[in-house]
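Position chain B relative to chain A; hints supplied.
Each chain is listed here by its residues.
Protein chains: 2
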Amino acid sequence: MDITKFVEDSLGQWRSQRSAHHLTFSHFEQVTSTIDIVPLAKDDAEVLDLCKSHEIDPQMVSRPFRMSWEGETDWDADEDEEKTTFKGTTILVPIPDPDNPQAGRLLRGEGYAETIPAIGNYHFTEDGTFVLLTTYESAAAEEKIWFVNPNFRLRVSLIKTSGGTGTLTASFSSEKKLALAQD
Amino acid sequence: MDITKFVEDSLGQWRSQRSAHHLTFSHFEQVTSTIDIVPLAKDDAEVLDLCKSHEIDPQMVSRPFRMSWEGETDWDADEDEEKTTFKGTTILVPIPDPDNPQAGRLLRGEGYAETIPAIGNYHFTEDGTFVLLTTYESAAAEEKIWFVNPNFRLRVSLIKTSGGTGTLTASFSSEKKLALAQD
Chain A
1 MDITKFVEDS LGQWRSQRSA HHLTFSHFEQ VTSTIDIVPL AKDDAEVLDL
51 CKSHEIDPQM VSRPFRMSWE GETDWDADED EEKTTFKGTT ILVPIPDPDN
101 PQAGRLLRGE GYAETIPAIG NYHFTEDGTF VLLTTYESAA AEEKIWFVNP
151 NFRLRVSLIK TSGGTGTLTA SFSSEKKLAL AQD
Chain B
1001 MDITKFVEDS LGQWRSQRSA HHLTFSHFEQ VTSTIDIVPL AKDDAEVLDL
1051 CKSHEIDPQM VSRPFRMSWE GETDWDADED EEKTTFKGTT ILVPIPDPDN
1101 PQAGRLLRGE GYAETIPAIG NYHFTEDGTF VLLTTYESAA AEEKIWFVNP
1151 NFRLRVSLIK TSGGTGTLTA SFSSEKKLAL AQD
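Note that the protein sequences, when read in sequence, are chains A and B. Throughout the first sequence, residue numbering follows the working numbering, covering 1 to 183 in sequence. Throughout the second sequence, residue numbering follows the working numbering, covering 1001 to 1183 in sequence.
Looking at chain A on its own, in the form it has when it is part of the complex (with noise of 0.2 Å):
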């Protein structure tokens, strides 16, 4: 697996169960969402303008991909149970190790998990799956993502303390692909 393929596969319109464990407190909280993955020109405007950020060479960049999503969540929800809504959208700009096509950075631009950009460390096992590692100035985030078969993915994320040394949070997404991507 590489991150063109793996970019490739993640293409499209898909239905997302959260789970979300907050762990100081046993609390469970449940997600539904609608994410849309579409890839972008390497010479799309944003993706100039965050590589420019990270002074990145924009030939570098390989696949990338906006994000967008639309949910609810029981989280912060209203007594009488209604559900909180939320939606969002970022680009992701992955810049593979020239020396190791396994691994690599991926940017990230504006309103994802932080309302700041950042850039996260990749990598993929060689079961396939997709790891990535990014450390906020408050918290470090890892994630795992991997296919089931092409159009079911799952995805666990954990949140950390900065120092790496407790878990906030662990939580567990599956996806089903509901439509290839638009051109």
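All the pointers check out, no bait thrown in.
Using 30 Å as the maximum straight-line C-alpha spacing, the simulated DSS-like pairs for lysine-lysine come out as follows:
1. B:Lys1087 x B:Lys1176
2. A:Lys87 x A:Lys5
3. B:Lys1144 x A:Lys177
4. B:Lys1144 x A:Lys5
5. A:Lys176 x B:Lys1083
Sample of chain A residues with no beta-carbon within 12 Å of chain B, all distances over it, derived:
6. Ser53
7. Ser62
8. Thr85
9. Arg105
10. Thr134
11. Thr135
FYI, nobody ran anything at the bench for these hints, they're computed from the structure. C-beta: ideal position from N, C-alpha, C; glycine also.
Relative to chain A, chain B alone:
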């Protein structure tokens, strides 16, 4: 990682939060349980019986253990939102592959997943994830378990149709160690 270390790391009492995604109708199930994993002697009568029933030489056994669980689920709960409680216990008997210490078979007694005994095939990936594949008469199960740290582990389980083409249930457990096993 090999089965010896994996079982040793697993001994103790665990507090488990589990979310099951029933995919056909996008249902969330929430389960909390306490899991006890205690070592058994290789010449324990139940271990010898299970080996005999599978015609396996008891000399090949490594680190047999008993797993017991007790918890509650919101599945099948009444409209007044009472929880359904459950409990169970089974023995598990690893039979490492003599030619490959990172793989082998896992015998399970009655009580786990289905009420009949089963043999699964396990292996460890390069990053230490335990992967167990079990084929039942009417379904197939795939389980991945990995340690985030010695006191916190994650488990992802898939139940598929016996042909393996469709996934029926995807579940995720986060397990915190409460206490070391009693001798």
